[in-house]
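Participant: From just these sequences and the hints, can you work out the full model?
Chains C and V are the protein sequences, given in the same order. For the first sequence, position 164 matches number 164 in this note's numbering, and the numbering has no gaps at all. For the second sequence, position 175 matches number 1175 in this note's numbering, and the numbering has no gaps at all.
Rather than coming from a laboratory, the hints here were simulated on the basis of the structure. Possibly wrong hints are sitting among the right ones.
[Stated by the list, open to error] Pair by pair, the computed Cβ-Cβ distance ranges are: (1) V:Ser1102 x C:Val17: 33 to 39 Å; (2) V:Asn1212 x C:Arg218: 20 to 26 Å; (3) V:Gln1087 x C:Ala47: 35 to 41 Å; (4) V:Ala1319 x C:Arg40: 54 to 60 Å; (5) V:Ser1102 x C:Arg40: 38 to 44 Å; (6) C:Pro44 x V:Pro1076: 43 to 49 Å; (7) C:Phe62 x V:Gln1135: 45 to 51 Å.
[Claimed, not checked] Non-contacting residues of chain C with respect to chain V, defined by C-beta distances greater than 10 Å in every case (computed): (8) Glu4; (9) Ile18; (10) Ala47; (11) Pro120; (12) Glu122; (13) Thr126; (14) Leu127; (15) Ile138; (16) Pro141; (17) Ser186; (18) Thr189; (19) Met197; (20) Ser206; (21) Phe207; (22) Val211.
Just so you know, even glycine gets a beta-carbon here, dropped at the ideal spot from N, CA and C.
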Amino acid sequence: MTAEVMSAIWLTLQLAVISVGLLLIMATPIAWWLAFTRSRLRVPVEAFTTLPLVLPPTVLGFYLLILLGPAGRIGSWWVLATGDALTFSFSGLVIASMIHTLPFVVQPMRQAFQDMGTGPLEEAATLGAGPVDRFFSIGLPQAKRGLITAAVLGFAHVLGEFGVVLMVGGNIPGRTKVVSIAIYESVETLDYATAHMLSAGLLALSFAVLVGVFAVNRKIPVRVG
Amino acid sequence: MAAGQLDLDFELLRGGFELNVTQTLALVGVTVLFGPNGSGKSLTLRTIAGLETSAVGKVVFGGDDWLNSHDQIFVPAHRRPVAHVFQDARLFTHLDVAGNLSFAERRATQDGPSVRREDVIDVFGITHLLNRMPQGLSGGERQRVAMARALLSRPRLVLMDEPLSALDVQRRAQALNFIEQIPERFQVPVVYVTHQIDEVVRLANQLVLIANGRIEASGPAAELMSRLDLPPFTGRFEAGSIIDATVKRHVDEFALTELELARGLKMEVPHLDFPLGETIRLRIRARDVSIAAVKPKQISLRNVLPAVIEEVQAEADTAFAEVRLSVGGQPLRARISKASAHELGLKPGKKVYALVKATALDRRLLTRR
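Facilitator: Pasting the structure below:
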């Protein structure tokens, strides 16, 4: 295995862990809000957070490229703050991955919060638990399944994305060249051995992760009533 | 017994349903909110708990404003020293029974009545359940844990919303024993919502009747139960009165028990398993009471009680009339035909005899007082 392939694998894992970690923190409040709000904004916000699921990755990648570029709204601010461009950088890749993966994380969590319902939260409130307390002591543990599902789906999705990454990150070894792009490149250069190895690796990893999730989910008792 | 006062004066709109409650509750022992399904009982309870944020008006507990729309005061549910026992128990399924209790204990009202964990566990008989998960408990066990948990939050007011509706007859009777003890044992008043008349008889010190989002009547349970305007709540067939009586004598030969309703006023009922001298509360259905203008002789009915008529009210659309009587100062209702009422010349003040079928007593409804 060449150093370049190794670095692609390492970069991919880093990207997946960081993106999903940040996403869990950011998406949980969004999912909570979507599950319980009676605001009229719920429908547009829900549509907006689901958009990355239906948009072609190239469309998303194109707009992100403009937005994150040195002349873009976010990109210019980033250059000012860090002196570095967001496009074709690992940070930019993280942001793009997070946006592209958002619906995969928000949906299972929102569903889990909705399944829990307001009952346990109301009960906790009458027992003296405030809103933040309720979120941590009731909401998160009751929605544990949904959180695990969200994390795993998100992780797998980041591993597998291609279009958005290519548009925003390009193909810079050690910086933005992730496994899915390395596979594409290997095929382009007729290096089928490397393509085989990486593809089989992704396949095995994805399968193992899913098996793990389903096994864990079975061990968490199904809620009754 | 801890006494407080709860002043309610609020409105709540919920999808076309309008709840309008103006009522002061004395909060002594158990106050029962009684009314048919959909009358607004539960919403009233939820408004007291602070779970209905759109209620407009006032909720004042012991001088503290919990809701005062005029001054824009709304104390959120978690800051009100109230525990709410829901119909479905709502145990936290990610915690075992001990964990559920600790959840409440850790967040207990600081200045609430002192409630000890061991006492609560003992009273509700849940020692053997502590390490179990809620999913494996029976309906009755769940409700006992829910009640124990509610008390451990050291509330100054316990609200219960039909907590027994999911239980079978036997478990209900058992659970009623627990609920009955709460006010005295833990020094906290209870507001209890139900549409079951036997629970009213059993528990109520104070009774509030609610229908179509309005309070129809309120007062001490014994007085209210015998009022003629009860039928909308109970159905005419089930209407009845509540009478307090003392166990005087057991007549083993005939399997009878003699009760004293008032000085010198005795009544026989099939044998009751209560000790002599015990005061019990019994409910006599209006349809099981007949009226005679003169004292009948040689009759199989054994309970012939001198009574005075207080009110006669003809039912609008039936052949029957409701007659309110006073028997030794206690209220008794009779449902007789309009024709009889007319022929006997029944009117307020007239002295008559009330004939009560001894079997008319519903054993379930007998309660120690």
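Participant: For every hint, state whether the structure bears it out.
Facilitator: Taking the hints in turn, this is what the structure says about them:
Take Ser1102 (chain V) and Val17 (chain C): their Cβ atoms lie about 35 Å apart, and the range 33 to 39 Å holds. Taken as a hint, the range 20 to 26 Å is violated for the pair Asn1212 (chain V) and Arg218 (chain C), whose Cβ atoms sit roughly 49 Å apart. At roughly 36 Å, the beta-carbon separation of Gln1087 (chain V) and Ala47 (chain C) lies within the given 35 to 41 Å, and the hint holds. Range check, Ala1319 (chain V) to Arg40 (chain C): Cβ separation about 57 Å, and the 54 to 60 Å hint holds.
Ser1102 (chain V) and Arg40 (chain C) have their C-beta atoms about 40 Å apart, which keeps the hinted 38 to 44 Å range intact. At roughly 28 Å, the beta-carbon separation of Pro44 (chain C) and Pro1076 (chain V) lies outside the given 43 to 49 Å, and the hint is violated. Range check, Phe62 (chain C) to Gln1135 (chain V): Cβ separation about 50 Å, and the 45 to 51 Å hint holds. No Cβ of chain V comes within 10 Å of the Cβ of Glu4 (chain C); the nearest lies about 46 Å off, and the non-interface call holds.
A cut-off of 10 Å between C-beta atoms confirms that Ile18 (chain C) is not in contact with chain V; the least separation is 29 Å. No beta-carbon of chain V comes within 10 Å of the beta-carbon of Ala47 (chain C); the shortest separation is about 26 Å. Its closest Cβ contact with chain V, about 6 Å, brings Pro120 (chain C) to no more than 10 Å, contrary to its assignment away from the interface. With a least CB separation of 5 Å from chain V, Glu122 (chain C) falls inside the 10 Å interface cut-off, contrary to its annotation.
With a least beta-carbon separation of about 4 Å from chain V, Thr126 (chain C) fails to lie farther than 10 Å from that chain, contradicting its non-interface assignment. Residue placement check: Leu127 (chain C) does not keep its beta carbon more than 10 Å from all beta carbons of chain V (closest about 5 Å). The non-interface label for Ile138 (chain C) is inconsistent with chain V: the shortest C-beta to C-beta separation is roughly 6 Å, within 10 Å. With a closest Cβ-Cβ approach of about 4 Å to chain V, Pro141 (chain C) is found to fall inside the 10 Å limit, against its non-interface label.
Every C-beta of chain V lies more than 10 Å from that of Ser186 (chain C), the closest at about 46 Å, which supports listing it as non-interface. Residue-level check passed: Thr189 (chain C) sits 52 Å from the nearest beta carbon of chain V, beyond 10 Å. Listed as a non-interface residue, Met197 (chain C) keeps its Cβ farther than 10 Å from every Cβ of chain V; the least gap is roughly 42 Å. Every C-beta of chain V lies more than 10 Å from that of Ser206 (chain C), the closest at about 29 Å, which supports listing it as non-interface.
Separation of Phe207 (chain C) from chain V is adequate, the least Cβ-Cβ distance of about 29 Å exceeding the 10 Å criterion. The beta carbon of Val211 (chain C) is kept farther than 10 Å from every beta carbon of chain V, the shortest such distance being approximately 24 Å.
When the structure is compared with the earlier hints, violations turn up for hints 2, 6, 11, 12, 13, 14, 15, 16 and for no others.
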